[in-house]
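Could you build the full structure based on these sequences and the hints that come with them?
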Amino acid sequence: MQLKSLIEAHVEKTGSAKGSMILLEWDKYLPLFWQLVPPSEEDTPEACAEYQSTASEKINQKGIVVGVVNECYLACGSSVRGEEELR
3 MQLKSLIEAH
13 VEKTGSAKGS
23 MILLEWDKYL
33 PLFWQLVPPS
43 EEDTPEACAE
53 YQSTASEKIN
63 QKGIVVGVVN
73 ECYLACGSSV
83 RGEEELR
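Numbering of the sequence shown is given in the working numbering, commencing with residue 3 and proceeding in unit increments.
Don't read these hints as lab results, they were simulated from the structure.
Take these hints with a grain of salt, some might be off.
Subject to a maximum C-alpha distance of 20 Å in a straight line, what follows is the list of computed EDC-like cross-link-like pairs (lysine to aspartate or glutamate) [stated by the list, open to error]: (1) K6 <-> D29; (2) K20 <-> E10; (3) K30 <-> E10; (4) K6 <-> E27.
Quantities reported herein were computed from a predicted structural model and do not represent experimental measurements.
As structure tokens, then:
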């Protein structure tokens, strides 16, 4: 279902004044919406052999990953580099 259809359905079910205004001024409001897309599988740590080998080689006796982590992607898309201890 497309964005405009979702807003139309919302207005129909709720009588939303804000939704009605967005539909009336669609060309003005459309650029204000963002489409979020999950990262590709190639960018996730599970698919990254370098990440897996680095993490598996750096586990200490307590099961804590210690040492240099080359690169790992966090949920927000940022990365951690350098000397780190991850618990």
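Verification of the hints:
no.	hint	result
1	K6 <-> D29	11 Å, holds
2	K20 <-> E10	11 Å, holds
3	K30 <-> E10	16 Å, holds
4	K6 <-> E27	12 Å, holds
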